[in-house]
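Peer 1: Sequence:
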Amino acid sequence: MSSVLQKIFIESLPSKVYYRTNFESNFDYCSPFNENNNFKEKRAGLNNYEKIKSIEDKLTKALCHVAFTDDGVKCKEQCRFLYYWLGNELLLSNIEEKSFSEVIEILSNVSNVLYQRYKCNCTFFKGISKENFEKMKIVYDYCNDHDSIESTLKEYNNMCDSEFNTYLVKAETTYNEIYNCAKKNFSSYCIQLKSYVPSCFENKLSPLTCKIEEVSPEDQGSIRYSTTNIDPEY
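Residues 1 to 234 in full-length UniProt numbering are what the sequence shown spells out, letter by letter.
Hints were generated in silico from the structure; no laboratory data involved.
Here are the simulated lysine to aspartate or glutamate pairs, EDC-like style, with alpha carbons at most 20 Å apart: (1) Lys137 <-> Glu177; (2) Lys137 <-> Glu96; (3) Lys16 <-> Glu77; (4) Lys126 <-> Glu77; (5) Lys154 <-> Glu213; (6) Lys204 <-> Asp147; (7) Lys194 <-> Glu77; (8) Lys7 <-> Asp219; (9) Lys119 <-> Asp71; (10) Lys61 <-> Glu35; (11) Lys7 <-> Asp147; (12) Lys53 <-> Glu24; (13) Lys98 <-> Glu131; (14) Lys194 <-> Glu172; (15) Lys130 <-> Glu97; (16) Lys58 <-> Glu35; (17) Lys211 <-> Glu172; (18) Lys74 <-> Asp145; (19) Lys184 <-> Glu202; (20) Lys7 <-> Glu155; (21) Lys53 <-> Glu97; (22) Lys53 <-> Glu96; (23) Lys211 <-> Glu150; (24) Lys53 <-> Glu105.
Use the sequences and the hints to build the structure in full.
Peer 2: Listed below in structure tokens is the structure:
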């Protein structure tokens, strides 16, 4: 095993695994809804956004997948993760600022028409800028991943490569910013995030740091944390 924690470890974090295993299946969960005129109408609204044409099916499949979940605790968890997964896909598509909020609204409408009695119905936080959404996602993921990062850093004696250190510093800095924002009830997006992961704000997470070390050539790209090793299906 490498003596230095590498960037590839990020792909093994609980949030990353959750996103892949819940929202990135090739199975077409939307096929039972394809004859639903309301579904077709709301989904068609996505066609107006050129930059997401290549991921339109991917986005709607994830919404359809969650629509089969029973209402309750699992539904709430899936909806929260789904919101951040959807928004991140939009960020990766480099969608325009104005379009970002509009597409979140459309996806929320698609979720509403998929709703069936006693099943899951997601309500998404709207009217947020791309910048603030990115902060929310960084912190949401960090709150879910903090314990895993902390325990793994101990295994590696807090040694990490420069890329993982960059990730960790950004996560820590953003968490501290949002934590202070939520404490002061400063912005609605901070309060919204606090309601999603209250334990992350009731008691402040212990700070995490690591010491940058060079990775030896033989340890480059260690497969221990690769996705093919963790969840080969996805």
